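Engineer: The residues making up each chain are set out below.
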Amino acid sequence: MKVKYFAWVRERIGKAEETIEPPASVRTVEDLIGWLARQGETYAHAFETPRVIRAAIDHAHVKSDTVITGAREIAFFPPMTGG
Amino acid sequence: MKVKYFAWVRERIGKAEETIEPPASVRTVEDLIGWLARQGETYAHAFETPRVIRAAIDHAHVKSDTVITGAREIAFFPPMTGG
Amino acid sequence: MAIPVTIRIQEADFDVAREIAALTKGRTDIGAVVSFSGICRGSEGDEAIAALTLEHYPGMAEAEITRHAQTALSRWPLTGLTVIHRVGRITPGENIVLVVTASAHRQAAFEAAEFLMDYLKANAPFWKREESAGGTSWIDAREHDDQAAARWTKS
Amino acid sequence: MAIPVTIRIQEADFDVAREIAALTKGRTDIGAVVSFSGICRGSEGDEAIAALTLEHYPGMAEAEITRHAQTALSRWPLTGLTVIHRVGRITPGENIVLVVTASAHRQAAFEAAEFLMDYLKANAPFWKREESAGGTSWIDAREHDDQAAARWTKS
Chain A
81 MKVKYFAWVR
91 ERIGKAEETI
101 EPPASVRTVE
111 DLIGWLARQG
121 ETYAHAFETP
131 RVIRAAIDHA
141 HVKSDTVITG
151 AREIAFFPPM
161 TGG
Chain B
81 MKVKYFAWVR
91 ERIGKAEETI
101 EPPASVRTVE
111 DLIGWLARQG
121 ETYAHAFETP
131 RVIRAAIDHA
141 HVKSDTVITG
151 AREIAFFPPM
161 TGG
Chain C
21 MAIPVTIRIQ
31 EADFDVAREI
41 AALTKGRTDI
51 GAVVSFSGIC
61 RGSEGDEAIA
71 ALTLEHYPGM
81 AEAEITRHAQ
91 TALSRWPLTG
101 LTVIHRVGRI
111 TPGENIVLVV
121 TASAHRQAAF
131 EAAEFLMDYL
141 KANAPFWKRE
151 ESAGGTSWID
161 AREHDDQAAA
171 RWTKS
Chain D
21 MAIPVTIRIQ
31 EADFDVAREI
41 AALTKGRTDI
51 GAVVSFSGIC
61 RGSEGDEAIA
71 ALTLEHYPGM
81 AEAEITRHAQ
91 TALSRWPLTG
101 LTVIHRVGRI
111 TPGENIVLVV
121 TASAHRQAAF
131 EAAEFLMDYL
141 KANAPFWKRE
151 ESAGGTSWID
161 AREHDDQAAA
171 RWTKS
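Protein chains in written order, with our numbering: chain A, 81 to 163; chain B, 81 to 163; chain C, 21 to 175; chain D, 21 to 175.
Keep in mind that the hints were calculated from the coordinates and are not lab data. Where hints are given, some of them may not hold.
[Stated by the list, open to error] Just so you have them, the derived chain D footprint on chain A, three or more residues with Cβ under 8 Å: (1) 135-142; (2) 154-162.
[Stated by the list, open to error] Quick list of simulated restraints, FRET-style, between CB atoms: (3) A:VAL132 - C:GLU31: 24 to 30 Å; (4) A:PRO103 - D:THR86: 34 to 40 Å; (5) D:ALA32 - A:GLU121: 37 to 43 Å; (6) C:ARG95 - D:ALA32: 32 to 38 Å; (7) C:ALA41 - B:ARG107: 51 to 57 Å.
Remember, predicted model here, so these are calculated numbers, not experimental data. Cβ atoms here follow ideal geometry from the backbone N, Cα and C, with glycine treated the same way.
Take these sequences, add in the hints, and give me the full structure.
Structural biologist: Shown next as structure tokens:
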């Protein structure tokens, strides 16, 4: 599964994207955030306040309880500030 | 007192402006419309439906019960259709 | 600093880009610019229109627009506004009216532009006569425009 | 006839007049065109800003804007719309975003433009980083923008 990071999430982790293989116990977006937060200091810093992290699966916004099964690309980013 | 006419009020009366001297009994805008309507056929036609006629005194919209004393210029016209 | 207000009634066409640039050039305090262009349509309902002729009340038209511009400035934190209303004969596809509002914030710019257009439609002394196959006739005022203007009245 | 929808994400600046002309040229069914230009301000609160850098999520940004454009087309009788969002480094006074809406009627053009801007602010995956004397920092999302977007949700 491909994961992408944007804005300060990207900066804190130090990479824009990577391919991950989380264990089967990671079912939802929330589970994945928890699992990523345990992958090292930079990840812990990026995901230290999970409630401000937004997620998208295959280019569509999703909620934290969305099941990630079948996702090709998951993205994590802070609240958007475009426009 | 100078009177100006616009749009179909002007067309029906056949002139854009004129100077009038209504009698002292003509106190309000409504009175003046009634008096003008009696000044001939073209005026009667222009003012045949007084409730659709709008008026302005010295470049400001006024209601039909406004007293005309002291007015330098009174204008009569249909509802506006600008913009 | 005085807030730039431009009000023009003219036969000539206007250039939206030039008017936006006039409000924004050299400034870094503007975050939002809204422009509204009103354009002559080629039909009204089922009837084809060959042209419109716009008549206005010189003096009062400028006074009314200025008064509403001042109301807009007092109600929204604008950094500038422009209103241009054309008069004379205008054919389908041509511009009729332009409102441009500038502000630090987008909501102020949007609301002020809508307010100015609603008031222009309902209160500014302009009248449209249309030319069609059936001859020429004065366009009737729409009840809807009075309602649109009334929504800005503070209750 | 398909309604023209133009969506572009680009580093280059845009030309408001050209985009308005692209929606209106040769047509006589358009009565109202609204443009909104979002511009980089030179300060945020008390702090001077040297520049913004805009990052976006390629692919998703286009998809989100397209989705909201389709919603706007289904909700208002538009004759065309254009959304252009710049990315990269932008200095104060420069354009950031453009929305242009065209319709037979002014209210549809105004409402659709506001709707699109509110949704872009709250939902389109763009992020602004600001450069100031104190270094660079990501701009925080404003609660206000979520509320502005929420007002368009049908209850």
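Engineer: Take the hints in turn and mark each one as holding or not.
Structural biologist: Status of the hints after comparison with the structure:
Coverage of the segment 135-142 of chain A by chain D holds in this model, with 4 residues showing a Cβ closer than 8 Å to a Cβ of that chain against a need of three. Figure legend: the segment 154-162 of chain A, annotated as covered by chain D; annotation consistent (7 residues with Cβ-Cβ distances under 8 Å, at least 3 required). For the pair VAL132 of chain A and GLU31 of chain C, the beta carbons lie near 56 Å from each other, so the given range of 24 to 30 Å is not met. Distance hint for PRO103 of chain A and THR86 of chain D: a CB-CB separation of about 36 Å, consistent with the stated range 34 to 40 Å.
A hinted range of 37 to 43 Å for the beta carbons of ALA32 of chain D and GLU121 of chain A is consistent with their spacing of about 39 Å. Between ARG95 of chain C and ALA32 of chain D the beta carbon distance is about 36 Å. The supplied range of 32 to 38 Å therefore holds. The hinted window of 51 to 57 Å between ALA41 of chain C and ARG107 of chain B holds, with their beta carbons roughly 52 Å apart.
The earlier numbered hint that this structure contradicts is number 3, and it is the only one.
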